[in-house]
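Okay, here's what each chain looks like letter by letter:
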Amino acid sequence: MSKRFTLARRAVLTAALAVPFLAAAPAMAADPAEAFVAENIAKGMAIINSKTLTKVQRRDQFEQFLLGITDMKRIADFTLGRYRASASPADLAAFETAFQGFAVAKYQSYFNSYAGQTLKVTGSTQVAPTDYRVKTELVDPGDKSGKAPLEVIFRVRTDRGKPVVTDIAVADAFLAVAQQAEFLGFLGQNNGNIKLLIAHIGEVTASLNK
Amino acid sequence: MRGLGALLLGLGGLALAGCAGTASPEALAANDPLEPTNRQVFALNQQFDQIFFLPTVRRYRLLPEDARTGVHNFLRNLATPTIFVNDVLQAEPTRAGRAAARFVINSSLGIGGLFDPATRMGLAYQGEDFGQTLAVWGAGEGPFLMLPLLGPSNPRDTAGLAIDTFVLDPTNYVHFKQHFWWDAGRQYFTFLDLRSQTLETLQGIERSSVDYYAALRSFYRQVRDGEIRNGAAPKPEEVPDF
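As you go down the protein sequences, you meet chains A and B in turn. In short: position in the first sequence from 1, add 20, done, that's our numbering. In short: position in the second sequence from 1, add 1250, done, that's our numbering.
Isolated chain B (complex conformation):
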């Protein structure tokens, strides 16, 4: 159930994308043939952010920083089993071991993940997801997508998100009466945590951008490539020569 709304919204975005107008040569070069629709979705996302998300985040920020850090740690710890599975699927035993160790340490010494003693012990967080796994397996990214509410993506990463959410997340297999509310609460705080952490950063980027949408698209694609390479340097031919 968790992420159902996200997936539906994503699918809605894909459907909208099918109605796209003509993309500019620049958009095509940026792997964004659906740019006209993507920009419309982005504009809606921006409005929704201003009207709903930002006021909510500002209220959330009234909480003490330690409390917000606890929420952040708890959510990350919940995601660690999914990271572990993706590490295994990518044949990354060292990273998988790190994820497993982090989960054990933070779930116990970290009191259910509220604290992050693993990082202090030299086991820093390393993210992984099924979109990256698909990329490691050879799947291309497909055209850039701006998903409603969820932001930048592509078909490969959208599919990866669905797999992570519905298949790999072990909490799906823990059945209890209030599961719906557990999922809803987790999603709610996940949003608050992420949006809160990036509030000033996003404002700074928007303020200094000539084209905020294009900036986000570029950063998303570059960082995503870096995550897939797991820190390895890009091939020289992949870097513009200027």
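Excised from the complex, chain A in its bound form:
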């Protein structure tokens, strides 16, 4: 029983620790992808740890920050899976808009719990000519247990010009992949009704923004 729970809970734990923009430590940028991640983590840190921003200002700045380093349309389209091809242009546009608000709210709900932790670049792997995995470590300065830091991996793509983050993995679980599984699971349960998915995304987003 213990192992089963350990595995299951650990799987879940990975998701909630997905807080890539908490704080940054100086990084040795060995390649452009590492430099890109290191630089932008620093920007994220400045927003999160700012003492002068109001809640609304922080949310707005975080949104701009997140949209600046990711290709949200690309991620949104991926998460829709095979339904993207059959979706009407209007539904697709509505979904992409809903997804953007949802993603920002979701990440914000996470980082609030982990503000103050440190994320530093530890290395990277180029798995394809335009596909990188930049490894970082999430460290809690207040943790005295001595446990190993949590590894957070940024997937950086450079195939469309400027580098963008397309996915993040915490303890080996990629979040966009999990998000796609969620959306497809929902659509599979609801006869592929994208409008219903968009409405539900809106409800969850509203709940997260409360």
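For the record, the hints were derived by calculation from the structure and aren't laboratory data. One or more hints might be untrue.
[Unchecked claim] According to the in silico footprint, chain A covers these stretches of chain B (three or more CB under 8 Å from chain A): (1) 1272-1284; (2) 1448-1459; (3) 1463-1470; (4) 1474-1480.
Because the structure is a prediction, the values reported are computed rather than measured. By construction, the Cβ of each residue, glycine as well, lies at the ideal position given by its N, Cα and C atoms.
Add chain B to chain A, keeping to what the hints say.
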């Protein structure tokens, strides 16, 4: 005896799974042909969690954090011999050595495992189980299963859990009169420890999920794959290209 209930529940889940309805194409793509039944089991698990588990965990959390950390360390130390055996079975001598060293250090300097000086000495915890061993030996995962009370799994990991519990755990071979109560207490605190540690995390995930069941399924399978690879990067063809 330890884990007997878990196994019976698992087998019950398998039996229920045999009554599954029709899975959607998405479920089949997610290796979940038993999704209709799995979702029903998940719904029951959620109800049981709300009615029984969560109130129990909230009471447990009234204990000081140091006490709960001691429980956590003690339970992990008890599991270390099983981890060691699985490391050996997977031909991982470095990890096996680490597990053995952790057990010796924490059982002695850590006062029976209540403390974890091994981690402070650079020997951080590394889990391993027979489900992973089976995977290393080439066994496929089989269809995704949502086991009653136990949560996400698959036939390979369920079998691994049974082997770990009944065969590899050395406490099975220590016979004494109150063994049943020892097992029951260990299971009880194992649950409390794990559920307590993940309380806020699970709540956060559920709150931000469009489909909580599908999210758990994906995270379970991804993390499980990562554990089997022991930190090695997945093959490029295993990662979606988008």
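Original post:
What are the numbers of the hints the structure violates, in ascending order?
Top reply: Violated: none.
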